[in-house]
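**Student:** So you can see what is in the structure, the chains are spelled out below.
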Amino acid sequence: MARIDRYIALALLAFSVGYGYLAWVHPLLPFEARMPFKPNTMPLGLAALGILFSSLLLLMPNSDDPSKDVDGWRGFAWKETALLISFAIAYAIVLRPFGFIVSTTLFIILSSRVLGETNIIRSITTGIITSGLIWYLVDEVLGIYLVAMPAIFGGSS
Amino acid sequence: MIEGLLVGLQAAISPFNILMVFIGCFLGTFIGMLPGLGPMSIIAIMIPIAIQLGDPASALILLSGVYYGAIFGGSTSSILINAPGVAGTVASSFDGYPMARAGQAGKALTIAAISSFAGGTIGAILLMIFAPVLSTVAKLFWSAEYFALMVLGLTAIAAFAGQGKIIKAMCMTVFGVMLATVGESALHNAARFTMGIMDLQSGIYFVTLVMGLFALPEAIFLILDKKRSQAMANNNKIENLRITKEEAREIAPVIGRQSLLGFFVGVLPGAGATMASFLGYGIERNLAPSGEREKFGQGSIRGLAAPETANNAACTGSFVPMLTLGIPGSGTTAILLGALVALSITPGPRLMEDQPEVFWAVIISMYLGNLVLLILNLPLIPYIAKLLTVPRHYLIPFVIFFSLIGAYIGQNNATELLIMIALGCMATVLRFGGFPLPPMIIGFILGGMLEDNLGRAMRKAGGMEFMWERPMTLAILVLALALLIYPILKDRKRPSGE
Numbered sequence: 001m002a003r004i005d006r007y008i009a010l011a012l013l014a015f016s017v018g019y020g021y022l023a024w025v026h027p028l029l030p031f032e033a034r035m036p037f038k039p040n041t042m043p044l045g046l047a048a049l050g051i052l053f054s055s056l057l058l059l060m061p062n063s064d065d066p067s068k069d070v071d072g073w074r075g076f077a078w079k080e081t082a083l084l085i086s087f088a089i090a091y092a093i094v095l096r097p098f099g100f101i102v103s104t105t106l107f108i109i110l111s112s113r114v115l116g117e118t119n120i121i122r123s124i125t126t127g128i129i130t131s132g133l134i135w136y137l138v139d140e141v142l143g144i145y146l147v148a149m150p151a152i153f154g155g156s157s
Numbered sequence: 158m159i160e161g162l163l164v165g166l167q168a169a170i171s172p173f174n175i176l177m178v179f180i181g182c183f184l185g186t187f188i189g190m191l192p193g194l195g196p197m198s199i200i201a202i203m204i205p206i207a208i209q210l211g212d213p214a215s216a217l218i219l220l221s222g223v224y225y226g227a228i229f230g231g232s233t234s235s236i237l238i239n240a241p242g243v244a245g246t247v248a249s250s251f252d253g254y255p256m257a258r259a260g261q262a263g264k265a266l267t268i269a270a271i272s273s274f275a276g277g278t279i280g281a282i283l284l285m286i287f288a289p290v291l292s293t294v295a296k297l298f299w300s301a302e303y304f305a306l307m308v309l310g311l312t313a314i315a316a317f318a319g320q321g322k323i324i325k326a327m328c329m330t331v332f333g334v335m336l337a338t339v340g341e342s343a344l345h346n347a348a349r350f351t352m353g354i355m356d357l358q359s360g361i362y363f364v365t366l367v368m369g370l371f372a373l374p375e376a377i378f379l380i381l382d383k384k385r386s387q388a389m390a391n392n393n394k395i396e397n398l399r400i401t402k403e404e405a406r407e408i409a410p411v412i413g414r415q416s417l418l419g420f421f422v423g424v425l426p427g428a429g430a431t432m433a434s435f436l437g438y439g440i441e442r443n444l445a446p447s448g449e450r451e452k453f454g455q456g457s458i459r460g461l462a463a464p465e466t467a468n469n470a471a472c473t474g475s476f477v478p479m480l481t482l483g484i485p486g487s488g489t490t491a492i493l494l495g496a497l498v499a500l501s502i503t504p505g506p507r508l509m510e511d512q513p514e515v516f517w518a519v520i521i522s523m524y525l526g527n528l529v530l531l532i533l534n535l536p537l538i539p540y541i542a543k544l545l546t547v548p549r550h551y552l553i554p555f556v557i558f559f560s561l562i563g564a565y566i567g568q569n570n571a572t573e574l575l576i577m578i579a580l581g582c583m584a585t586v587l588r589f590g591g592f593p594l595p596p597m598i599i600g601f602i603l604g605g606m607l608e609d610n611l612g613r614a615m616r617k618a619g620g621m622e623f624m625w626e627r628p629m630t631l632a633i634l635v636l637a638l639a640l641l642i643y644p645i646l647k648d649r650k651r652p653s654g655e
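One line per chain: the protein sequences are A and B, in this order.
Count the first sequence with this note's numbering and you get residues 1 to 157, in order.
Count the second sequence with this note's numbering and you get residues 158 to 655, in order.
Hints in this document: simulated from the structure, not taken from any laboratory.
Don't take each hint at face value.
As the list claims (entries may be wrong) - Straight-line alpha carbon distances no greater than 27 Å define the calculated DSSO-like cross-link-like pairs of lysine-lysine that follow:
| # | chain 1 | residue 1 | chain 2 | residue 2 |
| --- | --- | --- | --- | --- |
| 1 | A | Lys79 | B | Lys402 |
| 2 | B | Lys452 | B | Lys402 |
| 3 | A | Lys38 | B | Lys617 |
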């Protein structure tokens, strides 16, 4: 784990090479090709810098400590984390078709249950109150449109 | 200056704007106490709401209130449960937390509130004096100098990233600028690096990036590390808010010194509240009489007052480069800069002349914000701390939910949420590797302006000649290079294991 920064540096190097390639093959209009500053001028420079710094990270002896966040990482709750990230992805996907109130309520109920809430009534109540309040604040008070309910109940996406 | 102040007063002292200061401070304090949400995340959450207000002065007043409130809120969780939500309040926990454990939580919070008030207020006075001077100097700058200044800001940010992390910080800065090139640029109409995704045509939404880089990884770490998040469930006794006359006399010179130091450190791009608070703590420890010096780390009131004053004064100082040069002095002001751009305000030397009501309203709102914070927080201290007792199984879903919805309401686009989650997972991995994330967001915010100024300068000069033909540009670029190389060489000379 302590050397995860090397893997990240390698990924950043690969990213910089890919970014540089895309910048290199970026189609230029005839008049752009004759300009001193082209749409790919800065991206090419950035790619060079990205390759330089990530290579330095890979090549230089590493004197710094890895992040303190990694202390005890073996005891971390990976399963809960994966579940919550999955819920967040699902939330992003169903937010429009299910509507804000239904998807938010479901997200809070499921997340709180995974994280240890045992009282289902309390998690349902918290989910409904939170989603209702936030929807009212954002949609009604601030005027930012949020689809409240699924299309079959009159919501539109 | 007097005329400007009157303009600012007129704009700021409307009932609506005073209400905005109160709401901003209140929300900032409340949400800032949650370790998952530092000022950057809270301001990012509030930006769509601020933009909806329509009036730039009101929006900025609201966001300034949120900023100060969030800094104080962060100090509260730092003192009460030793869980600083942001790096800028870490130093406050060195002596604040031992005070709280010794049954002096109320006193510690009172000292924090008074020191924050003093630091912020003195900082606002200094801002009023120095901002116009810096603004006049800034008018001499052309796009070539602006480009050089952006490069200086980016390298200075990396230099302040911490020992041994310079290359990592530079990697993150470059990566942030790369992300800023996604989509159409101001100089070219053709979209770049969109991979055929239509939603990336106008680039990555900066709230999405901020949420992905800060709020979401914090939530992920709270889920991963149960011990850390469960520490938040511990409540603390908050009694005896008063400080004695002797204690007031003891901290008064500390507050005076650290207000000045904090402000000038805050003005430096990249230095910010974190560096000011650590520097302030170190200086006061060295200045303290030998008997008092041993108390540092055990619950010294000087040790608490110093970082609290310095970080608030630095927050105010970081507004100087943002308002006068358009360069953010910290990650938080980088987000504020994004908000300004979203509000069709162009920060820089013209701001004072073109929109004086905005410029001065922000300064006046700083006085008001600090005053309101003191009025709000002293009586509310025992109650607001109760927020920390929100159970972990609700706290974490709320942090994730607010991050997601913050990104969603800005663009009304579900793809933003998926991008944000991907960025959040990536940022978590980067944190595991010890990569500092603020340089990435600063690179992202400055990236667009960097390219615009580079493009204009190159078109004017017909190439890269402007870099050595204009003495001021050359001087700034040499300084930037020195700032970049010096810490790297210093790092390499340090014996391993030190």
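**Student:** Does Lys79(A) pair with Lys402(B) here, judged by a C-alpha cut-off of 27 Å?
**Tutor:** violated (54 Å)
**Student:** Are the Cα positions of Lys38(A) and Lys617(B) separated by 27 Å at most?
**Tutor:** Holds: Lys38(A) and Lys617(B) sit about 14 Å apart, inside 27 Å.
**Student:** Verify the proposed pairing of Lys452(B) with Lys402(B), using a straight-line Cα cut of 27 Å.
**Tutor:** Within the cut-off at roughly 19 Å; holds.
The earlier numbered hint that this structure contradicts is number 1, and it is the only one.
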